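Chain Y: place on chain P using the hints.
Line order of the protein sequences matches chains P and Y.
Here the first sequence is numbered in our numbering, starting from 1 and rising by one per residue.
Here the second sequence is numbered in our numbering, starting from 114 and rising by one per residue.
Calculated from the structure, these hints are not laboratory results.
Fair warning: this is a prediction, and the values are worked out from it, not measured in the lab.
Where a beta carbon is used, it is the ideal one built from N, C-alpha and C, also for glycine.
Incorrect hints may appear among the rest.
The calculated lysine-lysine pairs, modelled on DSSO-like cross-linking and capped at a C-alpha distance of 30 Å, are [to be verified]:
#1 Y:K162 to Y:K174
#2 Y:K223 to Y:K162
#3 Y:K223 to Y:K174
#4 P:K7 to Y:K174
#5 P:K7 to Y:K162
Sample of chain P residues at the chain Y side, in silico, Cβ under 10 Å [unchecked claim]:
#6 Q6
#7 P8
#8 Q41
#9 T44
#10 L45
#11 L73
#12 T77
#13 S84
#14 S88
#15 L92
#16 C93
#17 G96
#18 L110
Now the in silico label distances, taken between C-beta atoms and shown as ranges [as the list claims (entries may be wrong)]:
#19 P:T30 to Y:K174: 22 to 32 Å
#20 Y:S165 to P:T30: 17 to 27 Å
#21 Y:A130 to P:G52: 28 to 38 Å
#22 Y:R182 to P:T79: 40 to 50 Å
#23 Y:K223 to P:G52: 26 to 36 Å
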Amino acid sequence: SAVISQKPSRDICQRGTSLTIQCQVDSQVTMMFWYRQQPGQSLTLIATANQGSEATYESGFVIDKFPISRPNLTFSTLTVSNMSPEDSSIYLCSAGTANTEAFFGQGTRLTVV
Amino acid sequence: AQSVTQPDIHITVSEGASLELRCNYSYGATPYLFWYVQSPGQGLQLLLKYFSGDTLVQGIKGFEAEFKRSQSSFNLRKPSVHWSDAAEYFCAVGLNNDMRFGAGTRLTVKP
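Next up, chain P with everything else stripped away, as it sits in the complex (with noise of 0.2 Å):
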């Protein structure tokens, strides 16, 4: 098993700002995800993050809007840029190897406001 540290656990943000989300894996792991979660609503994958190339995001996310940073194969960040009321959220990392489950970190609520 994986455990999974991401930190800030909450923050509160002004709209217009930036929020920098990291994760760090216990073990070196070969994939690491970015998820969101909505209030009231599952998960759905904003990215896969790859180590030492750009990340694969997923249909409506995108780069400019969330960059990923994957230095090494056990730490990931991920960045919501100019962030609006609608970025509110819970934004999750998970970390896992090749066909294994998926372990998750306890998530980042963002509040924007």
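This is chain Y only, laid out in the frame that chain P set:
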């Protein structure tokens, strides 16, 4: 296209009663199947998973799930629900790191 359906948005059961949460999937091949639980303000915790072999899988907290290929289903069961089981439950399917989540079922437990 791959999809996961959890038909029940909200289920209420009495403490001590049995529970079954439904999950159906549409996938080009037999995917890997998972059930996760999310307590309020928490991340997701894996309850159980099915990769291959015995179609009845046991998980943590007394949960089990049965994979039925003919019905494309992976329903979650528990024989006796405890008040601490109140949470949101997500079914997920994945293959080659493409993981999709169902909409979730919110479980309320009555005393």
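Enumerate the violated hints, using their earlier numbering and listing them in ascending order. 7, 11, 12, 13, 14, 18, 21 and 23
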